[in-house]
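Undergrad: Chain residues, written in single-letter form:
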Amino acid sequence: MHELSLANRLVQMAEATAIEAGAQRVIAVTLRVGDLSGVAIDALRFAYDVATAGTRLEGSRLELRRVGVRVFCQFCQREVELPSVQSFRCPVCNTPSGDVRAGRELEIESLEVE
Amino acid sequence: MTTPRILEVRQGLLKKNDMIAATLRAQYKTAGTFVVNLVSSPGTGKTLFLERTLAALRDRGYRPAALVGDLETDHDALRLARSGAPARQINTHGICHLEAEMVERHLVGWNLADFDFLFIENVGNLVCTSSYDLGEQLRVVLLSVTEGEDKPLKYPTLFNTADVGIITKADLAAACEFDPALAERNLHAVRPGLPLLIVSAKTGQGMTSWLDFLVDRRQQSNTAMLENRRESLARR
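Chains as they are written, first to last, in this note's numbering: chain A, 1 to 114; chain B, 1 to 236.
Next up, chain A with everything else stripped away, as it sits in the complex (with noise of 0.2 Å):
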């Protein structure tokens, strides 16, 4: 359960952003989240009205945007997205792939604010 603190780091990072750009009020905050990030969705979402309370972010919408795993496979020589995260072969293919190009993200791509 680590989505409390990554919570609050959103807060800190979204009100210094709000306030840089005069921003009175966060309506929405937009997040990528990959399927590697270690994220459990439901606490991050729980987490979120919890560190907003009483922010500029009080009362916005959490927006997630998957990411979902995509590695480079080898054998065809290119990026291939994993149909699951339990196995980590190539779906065309069928060779192992460790060689992680996305998934991992946990990043605030934008604020709506006014």
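None of these hints come from the bench; they were simulated from the model. No residue lacks a Cβ here, since even glycine has one placed at the ideal position from N, Cα and C. Possibly wrong hints are sitting among the right ones.
Cβ-Cβ distance ranges computed for the label pairs, FRET-style [stated by the list, open to error]:
#: 1; chain 1: A; residue 1: R65; chain 2: B; residue 2: A234; range: 25 to 33 Å
#: 2; chain 1: A; residue 1: A43; chain 2: B; residue 2: G43; range: 21 to 29 Å
#: 3; chain 1: A; residue 1: S87; chain 2: B; residue 2: R60; range: 36 to 44 Å
#: 4; chain 1: A; residue 1: G59; chain 2: B; residue 2: A31; range: 28 to 36 Å
#: 5; chain 1: B; residue 1: T2; chain 2: A; residue 2: E63; range: 18 to 26 Å
A few chain A residues that face chain B, going by a derived Cβ cut-off under 7 Å, partial list only [what the hints assert, rightly or not]:
#: 6; residue: D49
#: 7; residue: Q86
#: 8; residue: L106
#: 9; residue: L111
#: 10; residue: E114
From the structure, some residues in chain A lie toward chain B, with a derived Cβ separation under 8 Å [stated by the list, open to error]:
#: 11; residue: R9
#: 12; residue: T17
#: 13; residue: S87
#: 14; residue: N94
#: 15; residue: S97
#: 16; residue: G98
We have chain A; now place chain B onto it with these hints.
TA: Just chain B now, kept in the frame of chain A:
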């Protein structure tokens, strides 16, 4: 009344941790200290494994040290200190993982150049520990035979970030009807090519291979560093 507008941010939530970790990594390299982060669920035998590792490295003439994370107690640091190696406790007070900043703070007063190896025993947790880079050169995941072979499939995020897998408590394998081939298959499903070692810290089984592995990895890391240094000197 202002109109709503969109601000592009594109910043990672773990950016601060990653920056501290990068600074630490540079410090470890300059000091020639090989840093190992040990992660596992609670009760895999990390502390005994580490205690024996520290003692054996000292017997081989190396200078190891340890930082050990725990929610509340200092029991583990006291146990590790019995090996004769310097050991410090990091109490996280309820936080379920170690962060780079905690490591940085607990290194104050230690001269890294005095250590050939620094082991960081993370809090027992298979989820949260995976997201925090501590600047380590080697991330070791431990899986005990008492936990069942399917743990890697249940926690792919953590197992996927490991550099080596250690199956612990091998002395109990038969009693637990542990299937090493199945465990290996599952580990490799989520982390293809992961080197694996089977050990029992209690009986000493597999410990020599583990120590050889460590010494070898440290050697490789130092050689790479020296080559980089030589190359940058040559470019001047």
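Undergrad: Does each hint fit the structure? Answer for all of them.
TA: Results of checking the hints against the structure:
| no. | hint | in the structure |
| --- | --- | --- |
| 1 | A:R65 - B:A234: 25 to 33 Å | violated, 45 Å |
| 2 | A:A43 - B:G43: 21 to 29 Å | holds, 23 Å |
| 3 | A:S87 - B:R60: 36 to 44 Å | holds, 39 Å |
| 4 | A:G59 - B:A31: 28 to 36 Å | violated, 49 Å |
| 5 | B:T2 - A:E63: 18 to 26 Å | holds, 21 Å |
| 6 | D49 | violated, 17 Å |
| 7 | Q86 | holds, 5 Å |
| 8 | L106 | holds, 5 Å |
| 9 | L111 | holds, 5 Å |
| 10 | E114 | holds, 5 Å |
| 11 | R9 | holds, 5 Å |
| 12 | T17 | holds, 6 Å |
| 13 | S87 | holds, 5 Å |
| 14 | N94 | violated, 11 Å |
| 15 | S97 | holds, 6 Å |
| 16 | G98 | holds, 4 Å |
When each numbered hint is compared with the structure, violations occur for hints 1, 4, 6 and 14.
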